[in-house]
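Protein sequence lines, in the order shown, are assigned to chains B and L.
Mapping to full-length UniProt numbering: the first sequence position 86 is 86, numbers consecutive.
Mapping to full-length UniProt numbering: the second sequence position 319 is 319, numbers consecutive.
To be clear, the hints were calculated from the coordinates, so they are not data collected in a lab.
Some hints could be false.
Covered stretches of chain B, going by a simulated chain L footprint (3 or more residues, C-beta under 8 Å) [unchecked claim]:
id	segment
1	54-68
2	73-85
3	98-105
4	111-117
Heads up, the beta-carbon is just placed ideally off N, CA and C, and yes, glycines get one too.
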Amino acid sequence: MNKIVFEAKNIHKSYRMSKRNIVQALSGVDIEVRQGDFVAIVGPSGCGKSTLMHILGLLDRPDEGILKIDGQDLSHLKEKKAYRIRAKKIGFIFQGFNLIPTLTAFENVLLAGKYGGMKLIDRKERATELLAILGLEDRMHHKPNELSGGQQQRVAIARALVNNPSLILADEPTGELDSKTSLEIMSILKKLNKDENKTFMIVTHNLEVAKECRRIVKMEDGRIVADSMRK
Amino acid sequence: MLEILRNMWRRKFRTILTIFGIVIGIFAFTVMGSMALKLNKMIDGGKRYITGQITISPKGADYMSGTTGMLPVDLLNKIKDVEGVEAVEGGVSLAVDEPDPDNPTAMSFGEPATIYSFDPNSNFKNKNWQTMDMKEGKLIDKSSAEDDISIGINIAMDKKWSVGDTVAIRGREFHVVGIFEKTMTGPDGYVFMNTNVARELFVGQNPFLKSLKDKSNEAAKISEKELAKLPVATRQQIVEAKSFKVEDVSTTASISWEDGVDPEVVVKRIKDEYKNDVIVYSPKEMGELIDKASATMNAVILGSALLALIVGLFSIVNTMLMSVSERTREIGIKKAIGASPRTIAIEYTLEAGVMGLVGGAIGMGVGVLVANIINNKMASKGAEIFLLEPSFLIIVVIFSFIIGIVAGFLPAIRASKLNVVDAIREL
Ligand SMILES: Nc1ncnc2c1ncn2[C@@H]1O[C@H](COP(=O)(O)OP(=O)(O)OP(=O)(O)O)[C@@H](O)[C@H]1O
Ligand SMILES: [Mg+2]
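Just chain B, with the same shape it has in the complex (with noise of 0.2 Å):
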């Protein structure tokens, strides 16, 4: 078995509305990811899924439970501090509107890479490695208006990629994407997976794209209530 990179037990999320109203978006979730694991976050809108993936980001912080990354154990990381793991140990992709619209592609590649803490020639070095791989080539200096829905999601994988993290995770990278293109993306981020042995996990609403995930953890109502492995 893989080392586990990622581990979260007991983890509960509450958003308070008012007084009375209490909205309970996640309510005791346990999860592991092991290292090249490829994971799919599946379930109905509103069961917690983004939340959980905020939370395993560090982008929000649990009411209660335990968050370990690479064997740290983060629950009581302050909120301050989180942006330095969040630079190297995780990659995000978004659903849309990912890329900073005054940056070109490269530059948008080079900004992650330069919060992470890579050298000038390094993250250029590595920049231009992986838009190359996403075959992105021809379309290095182009700002994000100038890219198609596919491309723009190929500079945030490249992107998400440059800092060599822990895991990578990705909110409905797909829900702005046409069927193919979205087939297209996830065969990337299959070689990705299996060339470079990167740990994704992908939240989707769409069954095609969870088809090509070999584990699938489906959730409702904050809980997870299935997580199998495919094949």
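Go by the hints and put chain L with the ligands onto chain B.
Just chain L with the ligands now, kept in the frame of chain B:
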């Protein structure tokens, strides 16, 4: 850095309007400030002169017009004997140009050209103004002829007089022997003239003194023998007329004190003894009076700075707050991929700072341009009204950068504190 400019350019029109607001503010600041600097400098020169001597004028005459009373030479000689007094020099001053009969009240901005009496034989010296720096030629001295004059730079330029020229003032011919270096103050518009000659001109332009002098001349022709034959009443009148001396014509006098003596003590001694005859202006009191005036000038600078500050500040704050809320999701993404709150805050603060800087540089540039144009127009009249000091201009630009930074502070903090999850959910 480049990204900051690109971000600013995303909303061209808004950015330009914001910068325009700063341009106006900083333009006003530059122009007002340069004007205040010029005035301050003039005041400062005047202060140095005025606090370097004790000035007296005849009782009953006011210092500004000074023509209604005289300081007889006997009185000045007595004051010379007051303890602590080093030297006393009586003198007169009058306008270089005779008043235009068609337009007697015509005034011009800046100082009118003025003749100052100058006594090369006196050992009076202003404590702060030892000598004049000369641009050309020399200051009139003991070796000068009575019709030699030294003139200020503005006079030289206005009247196109140069060293060696023979020129006419109030119907008399004079020789220009020197031109002072620009002082930015009073002497630029002065003609320094031998006291005896200046007194004659002064008497010539004053009808009362003129008739007195004519009578005296008439009286002088009458010999003692003839005088004795005349009736007592007439005799007395003629004796009185005879006693008129041109040296008695002093509208003001400058007094210097011996080294090591407190001038205020000397002022008090003169006051105690001659308070019925003269008004004494103490260097300290005059200095304080001038300080009050320059405090007003500085309030003008500060006021215009404040105005620029408020106008610039608010327009930048407003624009930046708008930018931050427009870029909520972008900020969220930056934070998600690992930007520290500090990085975000610096980015927005700098963007505001650059707006301030650009607006400030343009505003300052336009201000300098306008001030220069006006200065050039006024220079021919010898009355430049702006002093464009490089250090002040640099401060203006730095100041506008700081305004930007300060204005950007609140929006930047707001951006840096933005909740990532909220920002990302907002689509
Ligand atoms: N900021 C918030 N304030 C209040 N309630 C929230 C907030 N964020 C999420 N919720 C609630 O928490 C629950 C879980 O939301 P979450 O976004 O995690 O669902 P999801 O599974 O990602 O849904 P979807 O598939 O529609 O994206 C929902 O009921 C949602 O309304
Ligand atoms: Mg969601």
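- Hint by hint, which ones does this structure get wrong, listed from lowest number up? none
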